[in-house]
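Take the sequences, apply the hints, and build the full model.
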Amino acid sequence: MLDVSKLINTKDGIQSRRIFHDQAIYDLEMERIFARCWLFLTHESLIPNTGDYITTKMGQDNVIVVRQQNGKVRAFVNSCSHRGARVCAAEAGNTRSFVCSYHGWAYGIDGSLQGVPLEKEVYNNQLDKSTHGLVEVALVDNFCGFIYGCFDPAAPSLREFLGEAAWYLEAWMGAPGGTELIGPPSRSILYCNWKTPSENFIGDMYHVGWTHASSTQVLFSQSPLMALQGNASLPAPAEVMGMHFTSRGGHGAAITYGGRGGLYTTARENEMLGAWLAAQTPKVAERLGEARAKLYNSAWDGTIFPNNSFLVGPNTFKVWLPRGPGAIEALTWTWVEKDMPEELKRIIARNMNQTFGTAGMLESEDADNMESMTQSNDGLVTRRGTLNAQMGLGREREDAVMPGVVSDAMINELSHRGFYRYYQEMLVAESWDELRANSSKWKKVHLER
Amino acid sequence: MTNHNNEREVTREVRDEIERFLFREARLIDTEQEREWLETMVDAEIKYQVFSRQLRYRKDTRGSGDKEVYFFDDNYADLDHRIGLRETGTQWVADPPNRLRRIVGNIEGFEGERAGEYRVYSNCMVTRNRMVYEQMSYAYGREDILRRGTDGKLRLLQRVINFEERFVRGKNLLFIL
Ligand code: FES
Ligand SMILES: [Fe+2]
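Note that the protein sequences, when read in sequence, are chains H and V. Letter by letter, the first sequence follows residues 379 to 827 of our numbering. Letter by letter, the second sequence follows residues 4 to 180 of our numbering.
Just to be clear, a hint being listed does not mean it is correct.
With a straight-line Cα cutoff of 30 Å, these simulated DSS-like cross-link-like pairs (lysine-lysine) come out [stated by the list, open to error]:
#1 Lys450/H with Lys50/V
#2 Lys435/H with Lys450/H
#3 Lys723/H with Lys156/V
#4 Lys435/H with Lys62/V
For the record, the hints were derived by calculation from the structure and aren't laboratory data.
Below you can see the structure in the form of structure tokens.
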């Protein structure tokens with residue numbers, strides 16, 4: 379019998395290796411996490427007009443996300459109510475209807491069944507079209523223009539789901555002029571469990587100097603991150619360099635103070651971004667306060683639970699779509715600030731793709747680790763063991779300004795522990811009420827030694 | 004790809020030269036001699052692009068935003084950085100070494116827009132062996148411009164690849180295409 383309450387020991391920072399392997403755990407993740415959590419769909423900027431749509435996945439469910447006549451965004455399962463064929467084969471576009479390629483049933487952009495070929499002749503007008511619309515995704519909402527969907531009508535609002543993380547995310551998603559994604563995404567397969575990139579992005583600054591030793595040396599010579607190269611020493615104590623946070627809902631990030639600029643190989647590009655950040659910083663400080671103006675200028679790696687990761691600095695935005703316990707589809711966009719000059723947007727996108735796109739120099743370095751940390755657990759004896767995420771244990775604290783639980787070191791595994799804390803809670807909990815019952819005391823396991 | 008039936012084909016002599024160029028290039032890249040490739044076969048003004056186009060319906064010409072994402076949009080310095088990674092000695096993804104093997108075919112050569120430039124089309128099949136178990140293959144078409152330098156030698160001035168595999172099953176494209 380699978381006892382999911384034994385998979386994670388948050389207090390001691392220990393995880394069972396079986397979470398990267400077992401089909402039964404994966405099936406439960408689909409049911410308890412992917413069918414209940416808010417999942418990233420697309421960005422407002424990618425479907426600005428009525429009839430604009432994209433297709434993507436929530437867990438392994440295919441969905442269409444489409445802008446309605448009234449400007450609202452709705453999402454539907456991309457499967458025909460007749461015999462289940464796909465109703466949209468394109469990745470994106472603009473349309474008035476979705477027509478199934480099997481027998482031609484036609485649906486409006488509101489998901490309703492509009493047309494049935496030979497309806498009179500073959501159904502004798504007995505088919506009730508009103509009950510044969512596309513299955514709708516229960517909840518769709520956006521945070522700072524980033525659109526998320528949720529299959530569970532009983533789920534908390536997106537804002538509540540993000541919890542304390544919203545305060546942090548606003549520092550970059552809520553840039554003064556707004557943010558947007560540059561589409562289309564690149565798409566590639568990785569043979570890893572979906573949690574391995576989620577945990578890598580949520581706060582693994584430890585690997586930067588080692589996994590990315592060659593790329594930090596060659597590409598980041600003008601960045602403070604260069605100092606990490608080779609994991610030999612730190613230029614300043616880790617607590618001076620940055621921080622970690624975790625939140626109620628398992629979202630977290632590692633933040634390197636002042637690290638957002640300087641990541642490009644040419645001085646001109648670095649100066650251009652530097653000038654932009656300098657000009658925006660007072661506006662951020664005025665709107666959001668000094669603490670978040672500091673975060674706006676920092677480099678981040680973070681994950682929004684469960685499978686949506688981002689970097690501030692390289693400006694990567696990713697979603698890791700599960701394809702069974704041992705494979706994912708990685709979708710990658712560039713995010714930029716809407717009111718940046720067009721040239722700066724192009725510079726950011728070019729550099730993002732060179733580092734974290736499909737031919738990205740750092741992306742491929744990460745992939746090997748994610749795959750081997752998944753595949754090693756094919757071994758029966760190997761997966762009986764546990765994994766260690768104890769870095770920074772005992773240094774967690776609350777802060778007067780910054781919400782959630784924080785730790786004053788950016789090389790840290792606090793956000794890993796928070797991710798798996800919530801992961802286990804989601805697997806165990808039968809209902810959102812059960813989860814809410816823990817909400818007043820979730821910090822204890824991190825703070826009490 | 005456009006129809007180039009009206010373009011002027013290069014002479015047999017130049018065609019042979021182009022073919023030798025592409026074969027030598029393939030050998031250098033596949034045998035970890037990318038530095039030699041860059042220094043002896045690539046023009047300092049190189050534009051090297053590989054893009055992927057989002058799949059939309061044929062009739063759908065509306066829709067917003069970019070339709071392409073550029074995996075590579077490199078100049079000479081960018082290619083130099085990519086090649087420089089292995090030279091650091093700490094590029095773990097290439098250690099043990101990757102093994103590449105490519106077949107270049109369907110080569111066509113036409114006179115370019117400017118004197119001393121040639122427009123060259125070719126198709127490529129690449130197999131990449133990585134570590135013990137990984138084998139991936141890639142197929143794509145290339146549209147190149149070769150330029151004859153003052154030393155009389157051909158160099159790669161532009162390469163544009165429309166990478167048609169929308170969902171990249173070979174994980175990544177971290178090699179010279
Ligand atoms: S399955 Fe869609 S029309 Fe029959
Ligand atoms: Fe990484």
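So, going through the hints one by one against the coordinates:
1. The suggested pairing of Lys450/H with Lys50/V is violated, with an alpha-carbon distance near 42 Å, which exceeds 30 Å.
2. Among the hinted pairs, Lys435/H with Lys450/H is consistent with the structure: their alpha-carbon atoms are about 20 Å apart, no more than 30 Å.
3. Only pairs whose Cα atoms come within 30 Å are accepted, and Lys723/H paired with Lys156/V is rejected, the gap being roughly 37 Å.
4. Distance check on the hinted pair: Lys435/H and Lys62/V sit about 24 Å apart at the alpha-carbon level, within 30 Å; holds.
When held up to the earlier numbered hints, the structure conflicts with 1 and 3 and fits the remainder.
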